[in-house]
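Student: Chain by chain, the residues run as shown.
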Amino acid sequence: MDSEATPVKAEITLRVNGAEHRLDVDTRASLLDVLREDLGLTGSKKGCDHGQCGACTILVGGRRVNACLALAVAHDGAEIVTVEGLAEDGRLSPVQEAFIEHDGFQCGYCTPGQLCSATGMLDEAERGWPSAASEDLRVDPVLDDDEIRERMSGNLCRCGAYMGIVAAVREAAARREAAEA
Amino acid sequence: MTDRLESREKVTGEARYAVEYPVEGVAYAAAVQATVGRGEITSVGTEEALRLPGVLAVLSCENAPELRESGDAELALFQSRTVSYRGQFVAAVVAETLDTAREAARLVRVEYASEPPDVELRADHPGLYKPEKVNPVFPSDTAQGDADEAFAKSAVRVEATYTTPAEHNNPMEPHATLAQWHDDGTLTLYDSNQGASGVQKTIAGVLGLEPSQVRVVSPHVGGGFGSKGAPRPNVLVAALGARATGRPVKFAVPRQQMFATTGYRTPTIQRIRLGADEDGHLDAITHEVVEQTSVLQEFGEQTAVPTRMMYKAPHRRTSHRLVRLNVPTPSWMRAPGETPGMFALESAMDELAVAAGIDPIELRVRNDTGHEPESGLPFSSRNLVACLREGAARFGWAARDPRPGVRRMGRKLLGTGVASSTYPAYMRPSEATARAEPDGTFTVRVAAADIGTGARTALTLIAAEALKVELGRVRVEVGDSRFPKAPVAGGSMGTSSWGAAVVRACEGLRGKLNGSVPPEGLEASADTTDELKGRDRYARHAFGAQFADVEVDADTGEVRVRRMLGIFAAGRIVNPKTARSQLIGGMTMGIGMALHEESVMDAEFGDFLNRDLAQYHVPACADVRDIEADWVEESDPHLNPMGTKGIGEIGIVGAAAAIANAVHHATGVRVRDLPITPPRLLPRL
Ligand code: FES
Ligand code: FES
Numbered sequence: 253m254d255s256e257a258t259p260v261k262a263e264i265t266l267r268v269n270g271a272e273h274r275l276d277v278d279t280r281a282s283l284l285d286v287l288r289e290d291l292g293l294t295g296s297k298k299g300c301d302h303g304q305c306g307a308c309t310i311l312v313g314g315r316r317v318n319a320c321l322a323l324a325v326a327h328d329g330a331e332i333v334t335v336e337g338l339a340e341d342g343r344l345s346p347v348q349e350a351f352i353e354h355d356g357f358q359c360g361y362c363t364p365g366q367l368c369s370a371t372g373m374l375d376e377a378e379r380g381w382p383s384a385a386s387e388d389l390r391v392d393p394v395l396d397d398d399e400i401r402e403r404m405s406g407n408l409c410r411c412g413a414y415m416g417i418v419a420a421v422r423e424a425a426a427r428r429e430a431a432e433a
Numbered sequence: 016m017t018d019r020l021e022s023r024e025k026v027t028g029e030a031r032y033a034v035e036y037p038v039e040g041v042a043y044a045a046a047v048q049a050t051v052g053r054g055e056i057t058s059v060g061t062e063e064a065l066r067l068p069g070v071l072a073v074l075s076c077e078n079a080p081e082l083r084e085s086g087d088a089e090l091a092l093f094q095s096r097t098v099s100y101r102g103q104f105v106a107a108v109v110a111e112t113l114d115t116a117r118e119a120a121r122l123v124r125v126e127y128a129s130e131p132p133d134v135e136l137r138a139d140h141p142g143l144y145k146p147e148k149v150n151p152v153f154p155s156d157t158a159q160g161d162a163d164e165a166f167a168k169s170a171v172r173v174e175a176t177y178t179t180p181a182e183h184n185n186p187m188e189p190h191a192t193l194a195q196w197h198d199d200g201t202l203t204l205y206d207s208n209q210g211a212s213g214v215q216k217t218i219a220g221v222l223g224l225e226p227s228q229v230r231v232v233s234p235h236v237g238g239g240f241g242s243k244g245a246p247r248p249n250v251l252v253a254a255l256g257a258r259a260t261g262r263p264v265k266f267a268v269p270r271q272q273m274f275a276t277t278g279y280r281t282p283t284i285q286r287i288r289l290g291a292d293e294d295g296h297l298d299a300i301t302h303e304v305v306e307q308t309s310v311l312q313e314f315g316e317q318t319a320v321p322t323r324m325m326y327k328a329p330h331r332r333t334s335h336r337l338v339r340l341n342v343p344t345p346s347w348m349r350a351p352g353e354t355p356g357m358f359a360l361e362s363a364m365d366e367l368a369v370a371a372g373i374d375p376i377e378l379r380v381r382n383d384t385g386h387e388p389e390s391g392l393p394f395s396s397r398n399l400v401a402c403l404r405e406g407a408a409r410f411g412w413a414a415r416d417p418r419p420g421v422r423r424m425g426r427k428l429l430g431t432g433v434a435s436s437t438y439p440a441y442m443r444p445s446e447a448t449a450r451a452e453p454d455g456t457f458t459v460r461v462a463a464a465d466i467g468t469g470a471r472t473a474l475t476l477i478a479a480e481a482l483k484v485e486l487g488r489v490r491v492e493v494g495d496s497r498f499p500k501a502p503v504a505g506g507s508m509g510t511s512s513w514g515a516a517v518v519r520a521c522e523g524l525r526g527k528l529n530g531s532v533p534p535e536g537l538e539a540s541a542d543t544t545d546e547l548k549g550r551d552r553y554a555r556h557a558f559g560a561q562f563a564d565v566e567v568d569a570d571t572g573e574v575r576v577r578r579m580l581g582i583f584a585a586g587r588i589v590n591p592k593t594a595r596s597q598l599i600g601g602m603t604m605g606i607g608m609a610l611h612e613e614s615v616m617d618a619e620f621g622d623f624l625n626r627d628l629a630q631y632h633v634p635a636c637a638d639v640r641d642i643e644a645d646w647v648e649e650s651d652p653h654l655n656p657m658g659t660k661g662i663g664e665i666g667i668v669g670a671a672a673a674i675a676n677a678v679h680h681a682t683g684v685r686v687r688d689l690p691i692t693p694p695r696l697l698p699r700l
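The listed protein sequences correspond, in order, to chains A and B. Counting along the first sequence from 1, when you hit position 47 you're at 299 in the working numbering, and nothing is skipped either side. Counting along the second sequence from 1, when you hit position 145 you're at 160 in the working numbering, and nothing is skipped either side.
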């Protein structure tokens, strides 16, 4: 049994927030644990470790992913953005700014996941991906409050900051649209 | 309208929570839970676990160091072979990595001599007893006049039993501790809690240390809602693990283990009787509460306590009965007492309004009182009626047709409901220091906790006002037991208690300052113990009115809250921006209580059956459509230098009743057992 019990390691490369990391990871380790414990990127939070709360949401190849459900070894070569990578040169992203403006958080523990989720979600909507709240699947979705609430429902906030979160995402979406127009 | 001062840290991921501090050579703990609900541990097999490479230690009742008694039997970690409830921590592993620790915990073989556990709360349980007091120090029972006789003679009567289930706080950050021992025998705990001073004192006591030998660091805490008000066994798992291995040890309680080991709200069974005259004036109120505690430790939720002060009535009786079960010890969860108690009382008031044919707001207005009924003390201020009136105007109550079950929109039945809200304005002694720095800035320190309440921001506003300087020159530091001793962030008393000490320290500093600040700075400290002893006797409470607008799907029984409005009277509001969020947060949790949250006890084996966030549903983004919170101006000179009453808990109080009352208005069905889920509602539609 010893051979089974000895941790199996694998070498992988992760690009996180633009920096490349060569890592020897336990094949059992989740991306979340590798980010938090090996890379010291503790911005991504662990609320449940079971894909049920969204606190660990990160962007992998631009898409939102629950880092607690992703095995690190399966993400060799992945391009990852965490909450630490949302601001550019110390300038907060529009989503981050809108969260402060609308008080979209209290304790802040769900916040990194909310921010990554909102960032990824705005891209999904822009690409025309529908959600369960989309009335017509043939046209590009309009991010009204129902759409935002549906698309943000994978991120729990026990402090109950949803009113602020929805207002913040609404504003970030509007600003993005204005920037593109 | 001040932004949270730590906003930037929180949106960039820089804010560090308990197990996120970088320390050299850290190891990880994983805990083993009892798999039986009652019994004795006969053996703990650790061989297999210890053979795993990377395992550093296994701790259990067979080798744990002796701990001192603390008054909280839940903290007697690994001190006995007795299993009091299923899910109790019986062993812990420390290993080089999280994965190894978890794997090793699975390999620890604990054997038990077990007996059938007694886990079911029933109103006729033979073990029911009258506790000496309920949380924190209220008498179990009270009586005025002859409530039975008055009730029997009343023209309009309501008699009903309401139940609330066990509910779990479930802060998003789990209970978590990083423990590090130093060469001089002192201990640092980076810990997620609601009060560093309290954790320091309690844990030092348990470990046989002086408080000065334990430092608790917790500048950012990912929520608590009461469950982090006192240290839990997780602190000791980390501290003992670190001592056994000579390494710093992290232990964050896995979500599934939180349900048994970090506290919850007791289920309640509440029988209420209201007797009134034809005009709705109450003559008799009785409120009899049955709830559970554990075989380890008594905790009696003060569920009937709000009934003692809410409405005028000459005849009144309240009581609490507990039964000791093989269950985890219940504890504080947002507004303990008021939350379940006001669900029952305010549902009953709605039933009385229907029975008497009186508008529910009018009914409450008629039973308002200027004196606290049982104590006879005058209220320092009581603006319940103002909240009801203001809320009614803004909610559009006047146009409401009182008939239940007559508004239909397609498949949806529509209805609105109202309930009163209240929470005491507690205060406890606190210390604080204020320092003038030579660079013209000020540093204020108090071992307060900002668990998401906005305490840091509110205290900075308070300090700047007391110092008469602009906000940017003041830095308030909280969340460290090295700072002046402060009471817990609980009982909605944080801002009032810490703020008063901050004001006094700042006033003291201003008295000392005469122009220039010496190079070493200038400091003043304050302790409000004496000031609080000298306060005049008043009944001090915040009040509020909760309004809910719901739709019920007639085919599925699903209830959705379309809109909620809460109007509160809570003294002076220090920072409207964060205050509004906190009140809305409480109301959001109220939606959870009304519609979703229920921890189900496994009647055969013990422990809760639903132990994760998929099976214990807390409100998600899509559950919250439109919640508005606001307040009426209230200036109360009998509180504290700021004039604050506290807002952390009142937002949840009455919210579930307003929703249940709206469900009745929509459907004509009175649901007296929370939560109002489709299986409870649909068969009755
Ligand atoms: S920690 Fe990943 S979803 Fe909860
Ligand atoms: S801000 Fe506390 S959980 Fe969302």
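Among these hints, one or two may not hold up.
In silico EDC-like links for lysine to aspartate or glutamate, alpha-carbon gap of 16 Å or less [to be verified]:
| id | chain 1 | residue 1 | chain 2 | residue 2 |
| --- | --- | --- | --- | --- |
| 1 | A | K261 | B | E111 |
| 2 | B | K148 | B | E313 |
| 3 | B | K592 | B | E522 |
| 4 | B | K427 | B | D568 |
| 5 | B | K327 | B | D161 |
| 6 | B | K483 | B | E522 |
| 7 | B | K592 | A | E353 |
| 8 | A | K261 | B | D114 |
| 9 | B | K327 | B | D416 |
Treat the hints as calculated values from the structure; they're not laboratory data.
Student: Report the numbers of all earlier hints that the structure fails to satisfy, in ascending order.
Tutor: Violated hints: 3 and 9; rest satisfied.
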